[in-house]
Amino acid sequence: MKEIIEHYEEESRFYGTRSYTVEIPVGDEVEAVEAVGKIFLEKVKSIDTGLDIEVSRLHEENAQVAAEHDRLTEEKTKWLQTQQAMKEENAKLAKDLEIVKKNAKMHFEKMKKDCDDLKLQNQAGAKKIEAWSQKCNKLMKEQEALNGKCKILINERETWKHACAEMAKGIAPVLDVIGTDSTEAGAEAPKIGLVEKSQKARGWLQQWTKDIKDYVGAHILLDWKLVIPGTSGWSELTSYGQRR
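Numbers in the working numbering are just positions in the sequence shown, counted from 1, shifted up by 1048.
Quick caveat, the hints were computed from the structure, so don't treat them as lab data.
Careful: at least some of the hints might be erroneous.
What the hints assert, rightly or not - Simulated crosslink set (DSBU-like; lysine-lysine; CA at most 30 angstroms straight-line):
#1 K1140 x K1124
#2 K1197 x K1209
#3 K1160 x K1150
#4 K1183 x K1160
#5 K1186 x K1176
#6 K1176 x K1161
#7 K1209 x K1186
#8 K1186 x K1158
#9 K1135 x K1160
#10 K1143 x K1161
#11 K1153 x K1143
#12 K1186 x K1175
#13 K1150 x K1140
#14 K1153 x K1135
Said to hold, decoys possible - Computed Cβ-Cβ distance ranges for the label pairs, DEER-style:
#15 I1200 x K1167: 44 to 52 angstroms
#16 E1178 x I1202: 47 to 55 angstroms
#17 G1173 x A1133: 25 to 33 angstroms
#18 A1114 x E1090: 57 to 65 angstroms
#19 K1199 x D1164: 48 to 56 angstroms
#20 A1152 x E1190: 49 to 57 angstroms
#21 A1179 x K1143: 36 to 44 angstroms
#22 V1092 x K1124: 57 to 65 angstroms
Beta carbons are placed, not taken as given, at the ideal position from N, Cα and C, and that holds for glycine.
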């Protein structure tokens, strides 16, 4: 009987079933029932023990799961708080970014306006520089012309100095004859009126000298003729200039 039960028990384990089919001969019913009952009691005890162990393990695992759940819940709460803080920070950064964009746009527009103003100023400055350059070139040409005129005037001055020196040489003898006079008969006349003649002659020479200075100052050379008044004993000086 025991061998029969063990055989069926092996088959039940192989096929995964807990049902048992046992053939009991006539006359062995009581013995077979008792044997089967013992086997099933042992199986039940073994199952109960396994179930208790499994339940304890599940309780322990459930406690671990609950603890993990609490930890994850706490972590989730922290992450939600962090996410909310990040949202608030992002909103603040977005506002700051808008302010920065606005300020950057204003600054860029101001810089662009300043650049445009500088371009206009540079253009105006370039025009002024060009006008100044033209004026400078004109002044340089005028300066060159004035230098040429100055050279001419210097040469004229030297010419006048030389002419005046030559005139002075010619006038000196005239002043010597102012004190004498001759009659038509050639007899020496009394020296009456010589002082008056001398004064007139000297006055004329002073006027003549002044005229010369005026001509030099005006840069003009005029024709002139000097005649010392008197009779046959007076000398006559004649010189000519050239009008420029």
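Right, here's what the structure says about each hint:
With a C-alpha separation of about 24 angstroms, the suggested pair K1140 and K1124 falls inside the 30 angstroms cut-off, and the hint holds. Of the supplied pair hints, the one linking K1197 and K1209 holds, its CA atoms being roughly 18 angstroms apart against a limit of 30 angstroms. Restraint check for K1160 and K1150: the C-alpha separation of about 15 angstroms stays at or below 30 angstroms, so the hint holds. The suggested pairing of K1183 with K1160 is violated, with an alpha-carbon distance near 34 angstroms, which exceeds 30 angstroms.
This hinted pair checks out: K1186 and K1176 have alpha carbons roughly 15 angstroms apart, not beyond 30 angstroms. With a C-alpha separation of about 22 angstroms, the suggested pair K1176 and K1161 falls inside the 30 angstroms cut-off, and the hint holds. For the hint linking K1209 to K1186, the alpha-carbon distance of about 34 angstroms lies beyond 30 angstroms, and the restraint is violated. A C-alpha spacing of about 41 angstroms is found between K1186 and K1158, which places the hinted pair above 30 angstroms, so the restraint is violated.
The straight-line distance between the Cα atoms of K1135 and K1160 is roughly 36 angstroms, outside the 30 angstroms bound, and the hint therefore fails. Proximity of K1143 to K1161 is assessed by CA-CA distance (about 27 angstroms); at most 30 angstroms being required, the pair is judged to hold. The hinted pair formed by K1153 and K1143 meets the criterion: a straight-line CA distance of about 15 angstroms does not exceed 30 angstroms. For the hint pairing K1186 with K1175, the CA-to-CA distance comes to about 16 angstroms; that is within 30 angstroms, so the pair holds.
Among the hinted pairs, K1150 with K1140 is consistent with the structure: their alpha-carbon atoms are about 15 angstroms apart, no more than 30 angstroms. Distance hint between K1153 and K1135 is fulfilled; the C-alpha atoms sit about 26 angstroms from each other, no more than 30 angstroms. Separation of I1200 from K1167 is about 49 angstroms and conforms to the stated range, judged on CB atoms against 44 to 52 angstroms. Taking the beta carbon of each, E1178 and I1202 are about 36 angstroms apart, not inside 47 to 55 angstroms as hinted.
Between G1173 and A1133 the beta carbon distance is about 57 angstroms. The supplied range of 25 to 33 angstroms is therefore violated. Range check, A1114 to E1090: about 36 angstroms between beta-carbon atoms, so the 57 to 65 angstroms window is missed. Hint check: K1199 to D1164, Cβ distance near 52 angstroms, so the stated range 48 to 56 angstroms holds. One distance hint, 49 to 57 angstroms for the beta-carbon pair A1152 and E1190, holds here, with the actual separation near 55 angstroms.
Here the CB-CB span from A1179 to K1143 is close to 54 angstroms, at odds with the stated 36 to 44 angstroms. Range check, V1092 to K1124: Cβ separation about 45 angstroms, and the 57 to 65 angstroms hint is violated.
Hint check: violations occur at hints 4, 7, 8, 9, 16, 17, 18, 21, 22; the rest are consistent with the structure.
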